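Novice: Listed below are the residues making up each chain.
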Amino acid sequence: MQTAQVIIELTVLVLAIFIGFEVISKVPTMLHTPLMSGTNAIHGIVLVGAIVVAGLPDQTTWIRIVALAAVALGTINVVGGFVVTDRMLGMFKRRREPDEPE
Amino acid sequence: MSRSDAIALAYLATIIAFILALRFLSSPTTAPLGNRIGAIGMAIAIAATFAQPDLHNYWSILIVMAISAPVGAYAARAVKMTAMPQMVALFNGVGGGAAALVALADFYAVAPDPGRIKADVGISIVLSALIGGISFAGSLVAFAKLQELIRGRPIVYRGQKVVNAALLCGLVALALVILVGPQRESLLIVLVAGALVFGVLFVLPIGGADMPVVISLLNAFTGLAAAATGFVLHNNVLIVSGMLVGASGTLLTILMGRAMNRSLANVLFGAFGQVAAGPSGAAADMDGAGVRATTTDDVAVMLAYAKKVVVVPGYGLAVAQAQHDVRALADLLEQRGVEVSYAIHPVAGRMPGHMNVLLAEANVPYPQLKEMDDANPDFPRTDVALVIGANDVVNPDARSNSGSPIYGMPILNVDEAQQVVVLKRSMNPGFAGIENPLFVNPRTVMLFGDAKDSVEKLISSVKNL
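If you read the protein sequences in the order shown, they are chains P and D.
If you read the first sequence in our numbering, its first letter stands for residue 1, the second for the next number, and so on.
If you read the second sequence in our numbering, its first letter stands for residue 103, the second for the next number, and so on.
Chain P with its partners taken away, still in its complex shape (with noise of 0.2 angstroms):
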């Protein structure tokens, strides 16, 4: 049981990292770095592991502080990380309206 479950997930991260080669193939390099800033953002994931870890019963209080950082950590990875790919992305999209004020 054990084994099997270990077996499903080494078969989903396989296929993650094809459809990660597949995706990021057809990303033009004009858009390399808003794709760095936003697979930054996404990595941003790592909060849901933070949050899950804080969460546990009975924690000591140094693993509770270390748990917390951790959430901290994510959390400005996250919230950074999108805010500033949106930011760039925004300078494309705005090319469309050549006469808007700075």
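What the hints contain is simulated information worked out from the structure, not anything from laboratory work.
A hint or two may mislead.
Below 30 angstroms or equal to it, Euclidean Cα-Cα: the simulated DSS-like pairs (lysine-lysine) are [stated by the list, open to error]:
#, chain 1, residue 1, chain 2, residue 2
1, D, Lys-472, P, Lys-26
2, D, Lys-410, D, Lys-472
3, P, Lys-26, D, Lys-559
4, D, Lys-472, D, Lys-559
Everything numeric in this text was worked out from a predicted model, so none of it was measured.
Assemble chain D onto chain P, guided by the hints.
Specialist: Below, chain D alone, put in the same frame as chain P:
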């Protein structure tokens, strides 16, 4: 449907949202929507996690999130577009740090008392701690180099590679000890500390110009660390999202290396750019004879009476925040009937596509931006190539001098234009620290000064003609 099924489905929605977000990045028109879909996916995953039946400490978690979210948002809003690469490095670093801390905190929770941690979980914890730690420390050094808090030039010493290799071997050995030997928390703390030290030592010898490649690689690392965390917590959304980032970061790193005609090994271990940091004899040669300085009035005449002008923007333009002025100058020239276009090298700026972001910020019309392969055939028909703060990407040594460190890198052939005007702050070599024979080419004239300042003067000179 049980609550845990609902949570699993919510995570599936998140996975779909992330894949769509990346898919939509293939075009600038759909990309902003894609990013928002990704953000919504993230919100769904976080909400689903809070819905877990056995989650404790709600309030402390929520309070910590409420405090740190504005920090991230403020940093992201306040940063200038030119400083974007180091901001990405910083956000990447905190993500890696989070992965390492999750591994550390989870170690106690999964360790049965008495008994041993299961092999798969143990391996994942150790990997997450190790990779996350390296990514955290490495990203901070990359940030410091790009922000010029520390020297951008490679920092090298004798036996450096041996020290780094030994440290890495030591870390792997320690990881094995944790897996098969005494499973003590203190050992894992030592492992994370060692990973931090390695992260610093690993990035120090890499030159500032190569930092984008390093950030992309560390981005992939953080993704892997997140995926490893997913194995610890048996959470698919972490595994898939982490690996999507891991795959994309790896691919992007390879593409960047290709654009510079360098292997990843050369980027990581070549200490690129340290050559020119040594004796300054060659620099002295170039300071003197061949360089011809000029005035804004001369350049204004040259531009105003040209038929075709190609602007080659580089990082110097970005630093000087001159993109808006350059666009104003281009508009002015176009009113006089001059054909103006921009030639963008794939690694212009400090990240691939960085220059496109900056010019887009200045509302430069889309069709005027030419990528390298489209721009190069046009140079022989170009009257004036206006090089603004670019250096290595127009260095003819890359074509002809096999001794040059950038030999083989594809460049923009501006030296084929009738006239080349180089706007540059001084004769200092560029970010990579390599001399550029373009500056002593008889067709080249140099206009020294801050790019923004020079372009503003050019605008008024052209107006007065």
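Novice: Taken at face value, is the distance from the CA of Lys-26(P) to the CA of Lys-472(D) at most 30 angstroms?
Specialist: 19 angstroms, holds
Novice: Has the given pair, Lys-410(D) with Lys-472(D), been kept, meaning a C-alpha gap of at most 30 angstroms?
Specialist: 14 angstroms, holds
Novice: Are the Cα atoms of Lys-26(P) and Lys-559(D) separated by 30 angstroms or less?
Specialist: Outside the cut-off at roughly 42 angstroms; violated.
Novice: Keeping to a limit of 30 angstroms between CA atoms, is the pair of Lys-472(D) and Lys-559(D) held or broken?
Specialist: Given that 30 angstroms is the threshold and the Cα spacing comes to 26 angstroms, the pair holds.
Checked against the numbered hints given earlier, the structure breaks only hint 3 and satisfies all the rest.
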